[in-house]
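Heads up, the sequence shown is in the numbering used here, so the first residue is 29 and it goes up one at a time.
Careful: at least some of the hints might be erroneous.
Heads up, simulated BS3-like pairs for lysine-lysine below, C-alpha to C-alpha not over 30 Å straight-line [stated by the list, open to error]:
1) Lys128 <-> Lys205
2) Lys271 <-> Lys128
3) Lys228 <-> Lys128
4) Lys271 <-> Lys228
It should be emphasised that the hints constitute simulated quantities derived from the structure, not laboratory data.
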Amino acid sequence: LQIDGMPDEAAWAAATPMTVFTQIDPNEGEPVSQRTEVRFLFDDDALYIGGRFYDSGPIMTRLARRDAGVSDSDLFTVTIDSYHDHQTSYRFTTNPSGLKRDATVTSGGRGDSGGGSSWDPIWDVVSVITDEGWFTEMRIPFGQLRFRPGDDMLWGIQVERNIRRVEETAVFSFTPKLERGGVARYGHLTGIRGIGGGQKLELLPYVGMSAEYIYQEPSSQVAFDNPFRSGSDYFGRMGVDLKYRLGSNLTL
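Could you put together the complete structure from these sequences and hints?
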């Protein structure tokens, strides 16, 4: 599969799509107002998610930094309870501009600290806008998830679509507002088998640079005089991020 935003390879066509989504807002319990199709595929290394979000109206989108909250954009979210313990799950969100947002979610529906910014797995996503609506492809390496490998695994799954121009939220696994929701009310993703736990060791070297320009008034030159600063200074840094999985539920 080529992650280019268009889930049009033959493998996607052979996958059974999710097509039944139920509104939470504005018309609770009603079907999603726009045709929606979501498909799942996997290989030895990763889980692939393809979404087709047809829309008869204008698409609302905005490009933003990673993990940023965007209240004025259409959104697509997949949440995976890969342990199927009804306690913790992994959430991946994108929009028509290819926004990337990720978080861990507890049984009560709360995300991780820092507004979702403290957990940053390595995954790929591309979205495109067409005359029919917008489409997206995600690739989530199994090494970024935590699960117990088995012959035929059962994962919890929730899929959500937000159509911003009509303030609509529709989900795959529907729970009425007056009932307790959360990870325990997710649907099921079946059929993933014969995979391992992904790579145990990840090394990410990085380099960074910054520039700092300070304008000093002539009258204040004495107060700010610093022989080690010229007013136009450049700084560099480098290092390595390391992640090593000691076990199925312990990472260094």
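The hints, checked one at a time:
Between Lys128 and Lys205 the alpha-carbon distance is near 28 Å, which keeps this suggested pair within the 30 Å criterion. This hinted pair checks out: Lys271 and Lys128 have alpha carbons roughly 21 Å apart, not beyond 30 Å. Restraint check for Lys228 and Lys128: satisfied, since their Cα atoms lie roughly 24 Å apart, inside the 30 Å limit. A C-alpha spacing of about 8 Å is found between Lys271 and Lys228, which places the hinted pair at or below 30 Å, so the restraint holds.
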